[in-house]
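Keeping their order, the protein sequence lines are chains A and B.
So that you can map any letter, position 272 of the first sequence is 271 in numbering that gives the first Met the number 0, and since no number is skipped, the others follow by simple counting.
So that you can map any letter, position 150 of the second sequence is 149 in numbering that gives the first Met the number 0, and since no number is skipped, the others follow by simple counting.
Source of the hints: derived by calculation from the structure; they are not laboratory data.
A virtual CB, placed ideally from N, CA and C, is assigned to each residue, including glycine.
A hint or two may mislead.
Cβ-to-Cβ under 10 angstroms is the rule here; a few derived chain A residues that face chain B [stated by the list, open to error]:
no.	residue
1	V96
2	Y100
3	A134
Covered stretches of chain A, as calculated for chain B (at least 3 residues, CB under 8 angstroms) [claimed, not checked]:
no.	stretch
4	42–53
5	111–117
6	161–173
Protein chains: 2
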Amino acid sequence: MSLVVVRTVSEVREHLAPIRHDRRRISLVPTMGALHAGHASLIAEARADSHFVAVSVFVNPLQFGPGEDYLRYPRPLDSDLDVCRRVGADLVFAPDVKDVYVSDQRTFVEVTRLGDHLCGPFRPGHFRGVATVVAKLFNIVQPDRAYFGEKDYQQLCIIRRMVQDLNLGIEIVPVPIYRDVDGLALSSRNAYLNEAERTAAPVLFRALMLARKTIEEGERKSSVVREAAGSILAAQPLARVEYLQIVDPIEVQPVDEIAAEVRIAGAVWIGKTRLIDNVAAAPG
Amino acid sequence: MSLVVVRTVSEVREHLAPIRHDRRRISLVPTMGALHAGHASLIAEARADSHFVAVSVFVNPLQFGPGEDYLRYPRPLDSDLDVCRRVGADLVFAPDVKDVYVSDQRTFVEVTRLGDHLCGPFRPGHFRGVATVVAKLFNIVQPDRAYFGEKDYQQLCIIRRMVQDLNLGIEIVPVPIYRDVDGLALSSRNAYLNEAERTAAPVLFRALMLARKTIEEGERKSSVVREAAGSILAAQPLARVEYLQIVDPIEVQPVDEIAAEVRIAGAVWIGKTRLIDNVAAAPG
Chain A
0 MSLVVVRTVS EVREHLAPIR HDRRRISLVP TMGALHAGHA SLIAEARADS HFVAVSVFVN
60 PLQFGPGEDY LRYPRPLDSD LDVCRRVGAD LVFAPDVKDV YVSDQRTFVE VTRLGDHLCG
120 PFRPGHFRGV ATVVAKLFNI VQPDRAYFGE KDYQQLCIIR RMVQDLNLGI EIVPVPIYRD
180 VDGLALSSRN AYLNEAERTA APVLFRALML ARKTIEEGER KSSVVREAAG SILAAQPLAR
240 VEYLQIVDPI EVQPVDEIAA EVRIAGAVWI GKTRLIDNVA AAPG
Chain B
0 MSLVVVRTVS EVREHLAPIR HDRRRISLVP TMGALHAGHA SLIAEARADS HFVAVSVFVN
60 PLQFGPGEDY LRYPRPLDSD LDVCRRVGAD LVFAPDVKDV YVSDQRTFVE VTRLGDHLCG
120 PFRPGHFRGV ATVVAKLFNI VQPDRAYFGE KDYQQLCIIR RMVQDLNLGI EIVPVPIYRD
180 VDGLALSSRN AYLNEAERTA APVLFRALML ARKTIEEGER KSSVVREAAG SILAAQPLAR
240 VEYLQIVDPI EVQPVDEIAA EVRIAGAVWI GKTRLIDNVA AAPG
């Protein structure tokens, strides 16, 4: 089956209505495009699970703050379509901004508490923008399942909670982080890195892995674990730490004493590029 | 066809899935119960337009402020079911609070700007609670159309904007206010009034009608129109005015110079009972 590319909300609805009526299972992979192997793994997983795979490609202005990289965020649509074709997507929804935000957006979906830590305080309004556009995409596509990468772990938790709280009836499928051979989590923003920065970038993953090892070896105090990981980051002159935090895996709240599975998450600036990553860890 | 009464979200979904699959048009009339002739007119209109009519009966705690009448709000379910049967509803969804709010609600739908005037400032959090529960009900029932009374005019505007902004793909049908013979807008809260209060209550409608007449006769200044209407209210010792405002009919913003159709809306306290009402008016 060949890839269908649609640009408007009404085209999506028209195209999907008969598929839904045939009771075929529809999956959605929401993306901002600039697709890499991590996105391809999301689409491939959706392909394996579903009758019909829709991919949205939309750089959502609502989730970028002032001074963030909305304008320079890469938009290589042709190569994105190649990725979608290769991995077997059925439909790409690549709307213009004006088709998604027809009039001034006055309605916002806000998930409280889960955005209070990690990226939340550093990106005011970001998760509100994410939850709002994902709610819109869910209502446009009405998928049975939607696939989200664990790299944006806090986003995953927030979307999962939104679906539960708003009775959206969509199964949220988390997909493990896709990493380069040196451990760097794939991200469309890795393209911003120069050679020296790219070489330095895996320091975040190494710090998170040390934190995990420290927990697995029996350390229970988050402060001790964070200090160990922080020393690795401090030794890399190209890295500036934004946060390194240990949180519970549901409500994303900081944990002082590690008694159950946790998520260790960090954000670092490598030059002018902000990178995030996370790993799970359970007490040994 | 006999009336089906369901209590849980999963029962609603189960019951409606085959109806949706048969492409029958589903309408929803969301209510807080204590159904009167105004509600009956909503259900009757839905009945005339649709294959399948669902009525929700749920007193939503999220839209009541502290000190408001959540606990004493009437809940006469048996007589509500009689009304639904008589007017020909197909299904009543009457959930317990714990079925609607399974865990702590962390996700809220907020419509900005449209709640800034009229009831908004006097009922902080009210419209957030309304928008959130209506979003939930829409996602549970997935109707093609939903019916709202014009008595809660600001609510109607907010829900309409939410549907547009979140791409819910539901047609919102406004239904004119149902009035008693003396003009009093029917409301479940009218049951709170004693005899003297009930006699005094139509003063709000009379004030709104005078405002309308003043506009139709050529007055363009809102301040003049409001003063005329206010003098009627001031003459009724049992009435205490909360607001009397002239707003545009889409974004519910105050209008100083009346150049197009407006909505005249008021809230008064009659004893311990808060009543609202509104009428449309166009410059003569």
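Consistency of the hints with the structure:
1. A least Cβ separation of about 14 angstroms between A/V96 and chain B goes past the 10 angstroms threshold, and the interface hint is therefore violated.
2. Proximity of A/Y100 to chain B holds as hinted, the smallest CB-CB distance being about 9 angstroms (cut-off 10 angstroms).
3. Annotation: A/A134 was flagged as interfacial toward chain B, and the flag holds, the nearest CB pair being 5 angstroms apart, inside 10 angstroms.
4. Only when three residues or more bring their CB closer than 8 angstroms to a CB of chain B does the claim for the stretch 42–53 of chain A stand; here the count is 0, and the claim is violated.
5. Look at the stretch 111–117 of chain A against chain B: 3 of its residues bring a Cβ nearer than 8 angstroms to a Cβ of that chain, three or more, so the hint holds.
6. By the rule of at least three residues with a Cβ nearer than 8 angstroms to a Cβ of chain B, the coverage given for the stretch 161–173 of chain A holds, with 7 such residues.
When held up to the earlier numbered hints, the structure conflicts with 1 and 4 and fits the remainder.
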